[in-house]
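Taken in order, these protein sequences are the chains called Z and G. Residues 1 to 471 in full-length UniProt numbering are what the first sequence spells out, letter by letter. Residues 1 to 507 in full-length UniProt numbering are what the second sequence spells out, letter by letter.
Be aware that a few hints might be false.
Claimed, not checked - A few chain Z residues that don't get close to chain G, going by computed Cβ distances all over 12 Å:
hint, residue
1, M40
2, A121
3, G321
4, E343
5, F412
What the hints assert, rightly or not - Cβ-Cβ distance ranges computed for the label pairs, FRET-style:
hint, chain 1, residue 1, chain 2, residue 2, range
6, Z, G466, G, P148, 57 to 65 Å
7, Z, S220, G, P148, 48 to 56 Å
8, Z, L233, G, M66, 51 to 59 Å
9, Z, P216, G, P148, 34 to 42 Å
10, G, M66, Z, S8, 43 to 51 Å
11, Z, P216, G, E32, 45 to 53 Å
12, G, N128, Z, H448, 51 to 59 Å
13, G, N128, Z, A370, 49 to 57 Å
14, G, K298, Z, V352, 40 to 48 Å
15, G, M66, Z, N263, 36 to 44 Å
16, G, E32, Z, D378, 34 to 42 Å
17, G, M66, Z, A370, 26 to 34 Å
As the list claims (entries may be wrong) - A few chain Z residues that face chain G, going by a derived Cβ cut-off under 7 Å, partial list only:
hint, residue
18, G202
19, S424
20, A428
21, L432
22, E435
Read the hints as simulated data drawn from the structure, not as lab findings. Quick caveat: nothing in here was measured; it's all calculated off a predicted structure. Ideal Cβ positions, reconstructed from N, Cα and C, are used throughout, including at glycine.
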Amino acid sequence: MVVGDITSSTDVLVIGGGPGGYVAAIRAGQLDLDVTLVEMDAYGGTCLNRGCIPSKAMISASDIAHDATQAEEMGIYADPAVDLQGMVDWKDQLVTRLTKGVESLSERAGAHLIEGRAEFASPGRARIVASGEGQGSESIEFDNAIIATGSRPIEVPGFEFDGERILASEHALSLDSVPESMVVVGGGYIGMELATVYQKLGCDVTIVEMLDSPLPQYGSDITDVVHERAEELGIDFHFGQRASEWEEDGDGLVVRTEDEDGNLTAFDAEKCLVAVGREPVTDTLNLDAVDVETDDNGCIVTDGQTRTTEETIFAVGDVAGEPMLAHKAFKEGEVAAEVVAGEPSALDHQAVPAAVFTDPEIGTVGMTEAEAEEAGFDPITGQMPLRASGRALSLNEKEGFVRVVADGESGFILGAQIVGPEASELVAELTLAIEMGATLEDVAQTIHVHPTLSEAVHEAVKGAKGESIHY
Amino acid sequence: MAFEFELPDVGEGIAEGEIVAWHVSPGDTVEEDQVMADVETDKAVVDLPAPVTGTLLDLHAEEGEMVPVGDVVATIDVDGDGEVTEETPSEDTATEEVAATETAADSEPDQDALEASTGDGRVFAPPNVRRLAREEGVDITTVEGTGPSGRITESDVRAAANGEEQTTTSAVTPRDDGDTATQSTSETTTATTQTTVETADRDQTLATPATRKIAEEEGIDLDTVPTDKTRDGKAFVEEEDIRAFLEAEEASAETSAGADTATTSAGVETATPTPQEVTTEPYRGVRRTIGQQMEESKYTAPHVTHHDTADVSELVETRDELKARAEAEGITMTYMPFVIKAIVAALKEYPMLNSELDEEAEEIQYKHYYNIGIAVATDAGLMVPVVKDADDKGMLQLSSEVNELASKARNREVSPDELQGSTFSITNFGAFGGEYATPIINYPETAILGLGEIKQRPVVEDGEVVAKHTLPLSLTIDHRVIDGAEAAQFCNTVMEYLENPTLLLLE
């Protein structure tokens, strides 16, 4: 202990106030534990401040601007003027509102909020280093700690983020004006979402991707729909290209890429967004002081109750590994708090749904047909194309489909892959079906509202049973 | 080509086996029929021979792991190219394997329901039911669902929680406390090394029940007794080893008189009391099988035990006479053949005690063959080897067969076949002393006879108390099938034969 340290004690020390951390703090408070939540930056973490929420705000706003120009078929002729500054201000307002909400919810649940960076001194003690230098430090003794430090964007060597020309996703969400052109390095979900936003706002976007398709974790029948739409919007794709270097060029830059044969290509643009993935944040924690192991990717190793290799320390959210999704962090945060409180909680969910907010959206949950086969099931599938959905057509959407995967023998629903408008919402029904152990028959016998997109789920389920009515 | 060796059905209709020990490790060359492992089924320990000759590439089961029949336990490279195939080396083996799989499936009538609830760890149960399972400490993957389409319901979990409180593993096991045993072992070592007597430090020691009794009386931990003898590859201690150890102890105590070693009882007393006062061992294999069978029997069949005492003075004389004759033929004559003969004679008179209740068919099956199970205490627990067709066998044959089966059971060499098919059982708890007991029926049989110790006891004869050899009998019956009166009559008949052994000549 440093001389002059102030020492306090707590039942649970939560490190990080993002989706994993604030949920753990609130839940622990509900369970009458004495909770201390330490956040070094902003409550709500990446999700609220630099990720999910601001990006969805920008996607919605850019959709409004773009859709208005695409409605001549419906007899609408428009040429909206976009004030990006205004759009960003609006986004910032709602972010502030939500982060304040998180702060007050945590306080109301009884959590003590401390601003600063927490690092471990021993398995039962952490030091809080205040953000300003020379302010001394505070020590906290804890019975249990929950690490929820999240993740940060991976930097490509040579492409260090400067917020001017080389942008991380957070910079791209807060630009003053729409750039004329942008090179996006990485065709994963962050790159695809933001590329779509800027293309729709009138920016000329080029995506360079090392692999040979966008969103490589999804099957080609799904990504084809998104890929084609992106090309229709005017996004330029270059696959098999690795970003190797860049140089300033007037107010903009030139990004050079290399294919596997060593051929160089140069792309001129005003900005370059680098979105090649995220890495866990553990370097702030002084893990050397405790017995917390990390895996090859630097993520903290945890068991089915989110416990690390150090008995008293838990880890939740992105820092505990893939999938790096806020809703996975919510669940883990709850489980961690409940386990600390002595409840028999465990991560025994059957599936973690996932969504990509591209145009159109992708929503998936559970197993694909191939995964079900591998797991020893005898899968059957049912697929409903959205061009046969009245509601999809009334939204002026013809692309996409809903597919369900079920066990052929028992009818148990095992998974779903959806691409189309509101796919992120549609996936919820089938996630519930999977958790409940529902069969095709259960969903097929359930009445769905007409006219909605959810009828496509209904039809896909009936299709798997060979009982389609509308397709 | 590499051969994927699936665990064969090593017994008769056995669904799973525990790998007790591997005798080979990856990289070893194995010969066809070479013993690769010891596998403990729910009845016995059997050798697992290599199916082919080749180089062992990989073992897929840990020692101590329960492996279902049909799971791959080892990969053997047959011709050195390492390519994996599921081809079987000969048609013979292929048919065997198919037969084995079928047997396994047959013995599991609810296979379909089980498959519905487990597919690669998938559990078809709503989240609230899964939470209940965690709260109740029930491993939900072992619960059979009775809900719609085989879903697991709350009541399934509650039933599992009530029914097998002790056999399920909790889904929320606290992080590894497994070093408790190691700790206590090392404490023992520390304590014993303070003496000058050479002590051993084993985790497991084989010994006969009689030897164990002596060790217990002398307050000696068998694991500390030095021995060169082994049985089944494990250290084996006999009475003489204990005696030698005790002598060495005494000698050491004399020479080191005044020393502060608190080792009067061979180091079982540790200097400081150990903080862990509970140690655990896995509940499985033979132990779990015994437990499950006892549970099934006692909860299924209403037990009633009838007690009586036979005056066996004549039997003692007869047996003493015959013993010498039998010894000449190299056979140790015990009382057991007489008891078996008396029981068979009484069963013929009262066939309902040689029966089985088929609950599903609602039929009582009378058996017209007489296979007598003899309960034998072994290191691993109770086993019941079976003397088949006891009515067709003579005294000497019964004698040698009982002795052979008992020693096979104790050495865990008894085959699953020899442990099945009994129609009536005997438990001779009297070998360890005692008079009466309330034996548990070897279900689905309907009766079991417990024998107390034969010794002289006071008997009233013509108004005088005299000392006579008596045999206390404890007959437990399944009251669903047999009534008390029949039990008493059967017992009277058995006693008649035991009290007048010459009657057995007529059998």
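Against the structure, the hints come out as follows:
With a minimum CB-CB distance of about 29 Å to chain G, Z/M40 clears the 12 Å threshold, and the non-interface call stands. Taking the minimum C-beta to C-beta distance to chain G, about 22 Å, the non-interface status of Z/A121 holds against the 12 Å cut. For Z/G321, the shortest C-beta to C-beta distance to chain G comes to about 19 Å, beyond the 12 Å cut-off, and the non-interface label holds. Distance to chain G contradicts Z/E343 as a non-interface residue, since its nearest Cβ pair spans about 8 Å, not more than 12 Å.
With 12 Å as the threshold on Cβ separation, the claim that Z/F412 sits away from chain G is violated: the shortest Cβ distance comes to roughly 5 Å. In this structure the hint that Z/G466 and G/P148 lie 57 to 65 Å apart at CB is violated, the actual value being about 21 Å. As the Cβ distance of Z/S220 to G/P148 is approximately 37 Å, the hint placing it in 48 to 56 Å is violated. Our hint of 51 to 59 Å for Z/L233 and G/M66 holds, since their Cβ atoms are close to 57 Å apart.
As the Cβ distance of Z/P216 to G/P148 is approximately 39 Å, the hint placing it in 34 to 42 Å holds. Judged by the Cβ atoms, the range 43 to 51 Å given for G/M66 and Z/S8 holds: they are separated by roughly 49 Å. In this structure the supplied range 45 to 53 Å holds for Z/P216 paired with G/E32, their Cβ-Cβ distance being about 48 Å. Taken as a hint, the range 51 to 59 Å is violated for the pair G/N128 and Z/H448, whose Cβ atoms sit roughly 24 Å apart.
Look at G/N128 against Z/A370: about 31 Å separates their beta carbons, and that is not inside 49 to 57 Å. At about 46 Å, the beta-carbon gap between G/K298 and Z/V352 stays in the expected band of 40 to 48 Å. Between G/M66 and Z/N263 the beta carbon distance is about 58 Å. The supplied range of 36 to 44 Å is therefore violated. Checked against the hint of 34 to 42 Å, the pair G/E32 and Z/D378 passes, with Cβ atoms roughly 36 Å apart.
The given range of 26 to 34 Å is respected by G/M66 and Z/A370, whose C-beta atoms sit roughly 30 Å from each other. Violation of the interface hint for Z/G202 is found here, the shortest Cβ-Cβ separation to chain G being roughly 46 Å, above the 7 Å cut-off. The criterion of a C-beta within 7 Å of any C-beta in chain G is not met by Z/S424, whose closest approach is roughly 21 Å, and the hint is violated. Evaluation of the Z/A428 hint against chain G yields a violated restraint, the C-beta minimum of about 14 Å exceeding 7 Å.
Interface restraint check: Z/L432 against chain G, minimum CB-CB distance 10 Å, threshold 7 Å, status violated. Hint status for Z/E435: holds, given a least beta-carbon distance of 5 Å to chain G, under 7 Å.
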